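S.K.: In case you want the letters, here they are:
2 protein chains.
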Amino acid sequence: MYTEQFLPEIELRKSKIQESLRMTKADAILINDNANLFYTSGRVFSGYTYVSARGEIYFFVRRPVGLKGDNVIYIRKPEDIPSEMQKHGIPLPEKLLLEDDSLTYNERLRLSAIFPNAAISNGTPLIRNVRTLKTPYELKLIRESGTKHAMMYHRIPMTYKEGMSDTEFSIELERLARLHGSLGIFRIFGSSMEIYMGSLIAGDNADVPSPYDFAMGGAGNSTSLPVGSSGMLIRPGMTVMVDMGGNFTGYMSDMTRVFSLGEIPELALNAHQVALNIEKTIAGKAKPGVAAKDLYNLAVEMAEQAGLSEYFMGHRQQAGFIGHGIGIEINERPVLAPRSKDILQENMVFALEPKFVIPHVGAVGVENTFIVTRNGVEKVTNCTEEIVSLD
Amino acid sequence: MYTEQFLPEIELRKSKIQESLRMTKADAILINDNANLFYTSGRVFSGYTYVSARGEIYFFVRRPVGLKGDNVIYIRKPEDIPSEMQKHGIPLPEKLLLEDDSLTYNERLRLSAIFPNAAISNGTPLIRNVRTLKTPYELKLIRESGTKHAMMYHRIPMTYKEGMSDTEFSIELERLARLHGSLGIFRIFGSSMEIYMGSLIAGDNADVPSPYDFAMGGAGNSTSLPVGSSGMLIRPGMTVMVDMGGNFTGYMSDMTRVFSLGEIPELALNAHQVALNIEKTIAGKAKPGVAAKDLYNLAVEMAEQAGLSEYFMGHRQQAGFIGHGIGIEINERPVLAPRSKDILQENMVFALEPKFVIPHVGAVGVENTFIVTRNGVEKVTNCTEEIVSLD
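Chains as they are written, first to last, in the numbering used here: chain A, 577 to 967; chain B, 577 to 967.
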């Protein structure tokens with residue numbers, strides 16, 4: 577299942593989950609979501625991780641064949657789990673948590689029927705909560721993703737060629753990201769958000785509202801995936817915002833930079849500086865104990881003082897957040913939004929993305945990934961933040 | 577919401593759904609899944625499609641702003657739906673279908689609480705069933721995807737450069753697919769299967785079992801996404817199987833071809849011919865009225881007669897199907913598997929993929945997408961099926 581080297585990390589994660597289980601007086605959590613399987617075992621497999629409040633961690637595996645380990649138990653179907661538990665002397669849970677926010681309704685009914693005597697409640701908040709505070713090993717992977725991400729972004733201007741459409745430019749950047757080690761997919765919590773690698777939006781395409789809960793929109797190339805680049809020619813006077821995912825390690829970094837062609841109007845240049853100032857100010861205030869909503873409010877206030885509210889986080893459609901937790905998935909906690917109850921803690925990781933959409937010009941702003949440290953934050957996506965000319 | 581031109585198509589799909597609703601004596605179905613939103617409206621949006629057995633089709637939209645249409649009703653949250661229905665004179669349903677196989681447990685509870693007086697049952701089989709029989713317009717899009725897919729595959733040998741790793745080759749083919757119009761993502765029904773664009777597997781990497789329910793495996797580049805290419809050098813004596821998704825239109829085609837470097841052992845060459853023969857034989861038998869499981873059994877029998885059972889559909893781990901329905905998603909009905917109850921009908925679309933994994937050589941075989949016609953099948957992915965040398 578995992579190498580001996582990885583065992584202490586698994587033990588650490590197990591003990592974090594167990595502590596939470598004991599606090600909620602639950603006996604165990606049964607995990608099926610890919611992000612949570614990866615978290616608890618270090619790999620994706622088809623099956624279930626079972627963590628009990630006081631025992632071992634077990635992996636009930638359907639596929640692939642050939643996984644090794646004392647705690648690996650092969651099953652054909654989830655209904656095999658209780659008898660395998662009895663065979664291995666694992667007590668059946670009386671209070672069991674299931675992932676009610678990712679299991680489908682029918683999957684959840686099927687799993688709960690397997691444990692007819694257990695009281696079942698929602699385990700999604702618990703496991704997502706545990707994942708919010710990253711381990712030193714996870715922070716190492718996020719720093720590594722950030723470094724590769726920044727190396728890739730450094731090469732963006734060299735990748736542009738005159739006469740490219742936004743989609744053509746995006747395709748070359750997708751390739752660049754993959755050559756730097758990006759795994760391509762990034763994981764999104766919830767089923768309604770879809771995207772390919774990330775988004776590149778130029779000119780007025782930035783002002784096309786999308787159905788997804790991403791900070792920025794774009795028409796996309798198809799009504800089947802209406803987000804991001806739309807096949808339009810990149811022309812002088814436009815900004816090009818690149819917000820491509822950095823899943824280089826199974827852990828994500830998030831990063832946005834802005835490029836330009838020709839002369840950019842003063843309003844957009846000014847808005848970009850305001851965004852940089854917001855980013856710097858928020859990053860300067862962020863530290864353990866600070867409320868995420870206060871950071872959001874501060875950003876909104878600064879945009880307002882600059883007279884740029886109507887463009888902040890979108891124009892025709894505005895996003896209701898300026899930052900989001902990040903890790904195995906792109907949308908973890910903390911959420912930097914007006915009604916967020918999250919308080920920053922050491923070892924949280926979040927992306928901060930103050931952006932403006934300027935009609936007829938494009939999007940400006942910046943996004944970086946930050947680790948919350950004991951006294952402040954550490955930026956993991958280091959690369960120039962000024963608008964870089966593609967000319 | 578959609579153009580006037582698209583209205584007859586929406587009407588046709590609506591009437592297909594309504595007919596099924598009346599057959600199951602349901603009053604309405606409320607749709608939230610992206611694939612089904614796309615099917616019912618022609619675009620992805622954040623919100624819900626409501627189809628009643630005898631009335632209009634309505635779109636309850638959260639995002640994006642600005643969608644137009646008589647039947648577009650903006651809501652802030654799903655709880656707004658009943659009052660909006662009353663406002664628009666839409667009777668509340670007594671028997672309502674919800675997507676129990678794609679809504680999460682908590683989403684399903686939330687939606688059913690909105691209709692406290694309705695009897696709720698599972699609408700997923702109904703809508704997937706309707707989607708199984710494609711409309712002429714959908715068939716047109718699938719043919720278009722198949723044509724672009726084949727054009728892209730035609731260029732695969734020219735894209736290879738000596739000394740490439742499997743991942744490097746895959747990255748260039750991903751770019752090639754995107755330049756031919758691929759949207760990148762492809763939709764998979766169910767939450768457990770993840771992949772980036774498709775898979776390229778060379779040599780013994782073909783024999784590494786994956787956790788996913790795809791026909792072929794591969795170690796992948798990360799335990800976070802253990803499928804497909806693994807970063808190994810492509811060396812003489814290896815086959816390279818390319819199975820990259822063809823989502824060029826919102827509708828998928830599926831296609832696999834095999835390439836080789838240097839001399840390939842007789843066993844593999846022979847197995848490839850057997851695969852081609854299976855493909856041809858099955859395609860020759862497939863027509864309306866034929867049971868999908870009979871086609872599966874025939875394929876298994878032919879592999880056995882050739883003495884190649886141990887390599888068929890995998891070696892260390894074998895897939896339990898030889899084909900799958902395809903459309904908006906990669907895994908629709910019919911399923912060509914031993915326990916399938918599907919009977920082929922005109923306007924079904926399926927991918928047929930007899931493959932063998934030969935240890936120390938790689939995977940061989942073929943995959944094409946077929947439309948079931950009145951008397952047989954029509955192949956939409958036309959491109960040479962012999963093993964093509966990369967030398």
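Since the hints were derived computationally from the structure, they do not count as laboratory data.
These numbers were taken from a predicted model, which means no experiment stands behind them.
It is possible that some hints are incorrect.
Straight-line alpha carbon distances no greater than 25 Å define the calculated BS3-like cross-link-like pairs of lysine-lysine that follow [as the list claims (entries may be wrong)]:
hint : chain 1 : residue 1 : chain 2 : residue 2
1    : B       : K653      : A       : K653
2    : B       : K653      : A       : K917
3    : A       : K716      : A       : K955
Just so you have them, the derived chain B footprint on chain A, three or more residues with Cβ under 8 Å [stated by the list, open to error]:
hint : region
4    : 602-614
5    : 777-791
Built from N, CA and C at the ideal position, the CB exists for glycine as well.
S.K.: Now look at each hint and say whether the structure bears it out.
M.R.: Going down the list of hints, with the structure as the test:
no. : hint             : in the structure
1   : B/K653 to A/K653 : 37 Å, violated
2   : B/K653 to A/K917 : 20 Å, holds
3   : A/K716 to A/K955 : 13 Å, holds
4   : 602-614          : holds (count 4)
5   : 777-791          : holds (count 6)
Hint violations for this structure: number 1 only, all remaining hints satisfied.
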